[in-house]
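> Read off the chains here:
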Amino acid sequence: MTSKPVTSKRLLSAPAAPAVKTPCHIHPSAIVADKAQITGAHAVEIGENAVIHPYAKIRAEGGKVVIGNNSMVYERAVVGVAEGGEQDVVIGEGVNIDTGAVIEAKNIGDGSTIEVNAIIGKGTVLGRYCKVASLERVEAGEELEDFMVVYSDGQRRIDKTMKDHPDIREAKRVGQEKSIELMRKMLPNAAAKWM
Amino acid sequence: MVELEWRVGLDPKLPGSARPELHDTGKPARVCIQLHGLTTSTPPGDFTAIRERVSVIACTVSGNPKICLDLGRLVGGRPREKPLRGDRRTILTLEQDTGNKISRRAVIEGKQNIMLGGKSVVMAGVCLRGDLYRRPDKPAEGEKEGLTTAISIGRASVIATDCTIRPPMRLSRGHMTFYPMRIGDNVFIGPGTHVSSATISSHVHIGANCVLSPFCVIKESCKILPHTVIPPHMIIPPGSVVAGRPAQIVGEVGEGWGQGGPADGEEWVEGGDLRPLVRSIK
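Chains as they are written, first to last, in the numbering used here: chain A, 18 to 212; chain B, 635 to 916.
Calculated directly from the structure, the hints in this document are not laboratory data. All the pointers check out, no bait thrown in.
Stretches of chain B that chain A covers, calculated by requiring three or more beta carbons in the stretch to come under 8 Å of a beta carbon on chain A:
#1 762 to 770
#2 798 to 806
#3 841 to 849
Which chain B residues stay away from chain A? Per the calculated CB distances, all over 12 Å, these:
#4 832
#5 833
#6 853
#7 867
#8 887
#9 888
#10 901
#11 904
#12 909
As the structure is a prediction and not an experimental result, all values here were calculated from the model. Note that beta-carbon positions come from the ideal geometry of N, C-alpha and C, so glycine has one too.
Excised from the complex, chain B in its bound form (with noise of 0.2 Å):
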């Protein structure tokens, strides 16, 4: 008999863990998926852990076909026509593997808060908070919990040593709060960071030793030079080089920013697709 444990998120011990989300295209797609009868909907950036043990019913995908794909492997092969048959116990696991690189001497609080895109690194001395996490107001219906994310990081984000990354904070309706903190994908964050921004958006190259205040918003595209300090709430555009302390924009990234190959003897390029620099790292 099979069971199909679909859990999203940072264990790198546990077979199966997955993650449909749309990293390519960047267009939102909802993700179908029947369970006796009821349908979970779910926009992908939401699309966090299912914990219960389920049986698959259907799989159906609406939108971009890469999605389907994404799914087919996960149950298996193919995109299923037929309703998979099976009572309450049956298990389908999943065998892929994220492709996560967590060091040993990474220091992670919390780490079931925190949802790890396929293809990171997260290298040693590295602290993650993900202790600190939104709690949210309503109880929760029934038993189950709501989900709380405390750091979300996309795919092939490269987390270079000691750096610390902490959900930021700050006052909302009276009470002090803490705000989920969403990372994308093919980020490099440089060693001896901290981060506690609000979003870092894709393909940004953050630099050495650089401070990133609570709530600074970066935008796609952007590089930091080394030993920036960014004032919190500041907002990066897409496509801007920052230096200084405090942060100024000093100027901009080229067109070919990240595209064009590496140099001889490079493997990856800043902004590029960092896989190889994710291959790269033992």
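The following block holds chain A by itself, in its conformation from the complex (with noise of 0.2 Å):
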């Protein structure tokens, strides 16, 4: 951080332009930020009401990525495999992924919540409305019943709560919906730039 000019001034935060046009289905009411990067060759999919904050990931280098309806991906969160692993990644329902977190996940069940930056590793399975709690580490391979909370340094147990009781899981899905609608007032759309 000098004061002297430098010619390549805003190239590192920038993303560069991409080599090869990712293919994306972007259904028309998900929102995705200018700034959000989408890279690499396999396809991607966003669902209805989706939204990508700033600064996301999503790398659908080494396969594709499906981000499932009304989920959503915070700023520097990393979604998808990087070259080399040939695997998918599927995002589920109402789930949502905040910063900096980095998914290589084959599958994130419905209304699942994963906190800032923790790292679910590659091949990984996360049941329905489970919880990983920021910082945390899901290991490679493994997989999570449904409603299970990763938490303090890589304890696991059953949330109770959400799996007796329904309404429960109907309050998170209205919150998540009123996220999403706050968050297309206050994030431009620029979806059409990546369709």
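Join these two chains into a complex; the hints should help.
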């Protein structure tokens, strides 16, 4: 960070123009921010009402990436496996992927929440309504049951509240819808850039 | 002819950004500016930006004399007893530099909603989400839009590399809304942390790779050890040392934390005045 002018000023923060145009199927009601980064040669499918924040990275390099309806991918999250790993990443409906999370899972069930800077390894399968707390890791190949919570440096437990009370799940769904409604007002949609 | 454009906020290229706020005493004071016979009196916490070009007729200050000096500098010298004469097109440009250092590789969305106190540092790779601000409910009076601040950072605060600062969001009266976020003075935020707190008071030291979940409140002079995860809505009392996932109070900072000069070879001390650190960051 010097005061001398540097020629490559903003190249490091803005994504370079991709060599291959990613084949994207973005639902018309999805919101993809202008600064989101979608790369890779494989297909990317973004479902209804999904929200992709600026600087979120969807890399369909090792396989296709599917983001379900009503899901939200926050900034700096990385969804998809890198070049070399042959694996699709499928994210279910109503899934919240918080800032900085790295998702290389095979499947993330509906209603799950992956909190800040969590790392989900390759080939993992997360059940429905799972919650992975901040900074946690799910090792490669693991399978999490429905309603599993990963917390406090590697501990696991079942979220009985979610499991036994369908109205709580409904409340979560409504909350997610309201968040999406808010993001629609706050984020200008640039989905046309990738269609 | 000379015109006063009094702008506050994040725009390092523009000279004359200023922030008349009492950071040293912490006491609120009222700033009164008389504009064409109208009085704009605002408590300093809310003093964000006056974007219109107006002529300053007279500046009076009630409260702490320190503010008087600041304004004196702003209007170019001494507090004036006699009003400045001039028509609406007169301009008095403020030549003050706020001293904020913002890296070119910092990623800033919505910079008009971000307030930086003077001499703060935003290092490379930091993501500031100023685009997530609280929309005022009522429509603005006339044509003026309400001032929306998403993130407000105090003086001499340092935000190290690759942090993310995002205002917290929650359900309020049936709708999800973002709430403005306040970061105090002399706050050091370590590299890689995610900050979504409601407030961070002054003289706080936050270690590397922490996660501050939405709506947590961190009071004065706290120390947050690296790799802590602070759960949502947690209130951390002043002077505590916090660690763990989920965070727990593991101790207290001593009496003299932040005081006492830095050791040999160091320029600044944790919890103390961060201005030497700000100066040393190029």
